[in-house]
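Student: Each chain, letter by letter, is given below.
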Amino acid sequence: GNSVTQMEGPVTLSEEAFLTINCTYTATGYPSLFWYVQYPGEGLQLLLKATKADDKGSNKGFEATYRKETTSFHLEKGSVQVSDSAVYFCALEDGNKLVFGAGTILRVKS
Amino acid sequence: NAGVTQTPKFQVLKTGQSMTLQCAQDMNHEYMSWYRQDPGMGLRLIHYSVGAGITDQGEVPNGYNVSRSTTEDFPLRLLSAAPSQTSVYFCASRPRQGREQYFGPGTRLTVT
Chain A
1 GNSVTQMEGP VTLSEEAFLT INCTYTATGY PSLFWYVQYP GEGLQLLLKA TKADDKGSNK
61 GFEATYRKET TSFHLEKGSV QVSDSAVYFC ALEDGNKLVF GAGTILRVKS
Chain B
1 NAGVTQTPKF QVLKTGQSMT LQCAQDMNHE YMSWYRQDPG MGLRLIHYSV GAGITDQGEV
61 PNGYNVSRST TEDFPLRLLS AAPSQTSVYF CASRPRQGRE QYFGPGTRLT VT
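Which chain is which? The protein sequence lines are A and B, in order.
With my numbering as the guide, the letters of the first sequence map in order to residues 1 to 110.
With my numbering as the guide, the letters of the second sequence map in order to residues 1 to 112.
Looking at chain A on its own, in the form it has when it is part of the complex (with noise of 0.2 Å):
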């Protein structure tokens, strides 16, 4: 079946410096693709997406870009803050439901 593998965390980085997060999929066909994004506490919410082969989704200085020749998504950012201190979900569209990946902890030091 269709599945998602994410980088194993957590990830620990400086303020400012620059993210990359893993992912890679398999899946039949060409399913979109998700980030979503949980800050301590919440729920999840839809960081960026990607549906179709090369498309990059991008959102609040986060990007992602969808590879199909090396099935993957890994979420990339320039300089992160404190404030992107969160879990990051990596998730694929599988039919009616999401796949998703075991997520990756984000700490941010200031």
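Honestly, the hints are just simulated from the structure, not real lab data.
In this text the structure is predicted, and so the values were computed from the model without any measurement.
The hints are all genuine.
Chain B is faced by these chain A residues, among others (derived, beta-carbon under 7 Å): (1) Leu-44; (2) Leu-46; (3) Ala-102.
Subject to a maximum C-alpha distance of 30 Å in a straight line, what follows is the list of computed DSS-like cross-link-like pairs (lysine-lysine): (4) B:Lys-9 - A:Lys-60; (5) A:Lys-109 - A:Lys-77; (6) A:Lys-77 - A:Lys-52; (7) A:Lys-77 - A:Lys-56; (8) A:Lys-49 - B:Lys-9; (9) A:Lys-56 - A:Lys-68.
No residue lacks a Cβ here, since even glycine has one placed at the ideal position from N, Cα and C.
For chain A, the structure is supplied; the task is to place chain B on it using the hints.
Tutor: Showing chain B alone in chain A's frame:
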């Protein structure tokens, strides 16, 4: 617009007790889902519904029941709680034509 609401926020149950987790949305979304979140495992789908009167099982349905009598509400029932059901439960909804799922704030359940 309240979005997706869930009650209660926290609950402690004893093994064998039953309870219902409530979920409601005011966006007229056709699709609704229940997920559980466990450390290191991401979110796993329990049950979902594509419209009133229609439900289907997800990845981890055992021990849970759902029904969808209205578009707005999608309650999750635990018939006989077990410690393995200790988790954080999220309800989500999306419109039929949309791709973004909207999540509620979650219910943290502990079964002792």
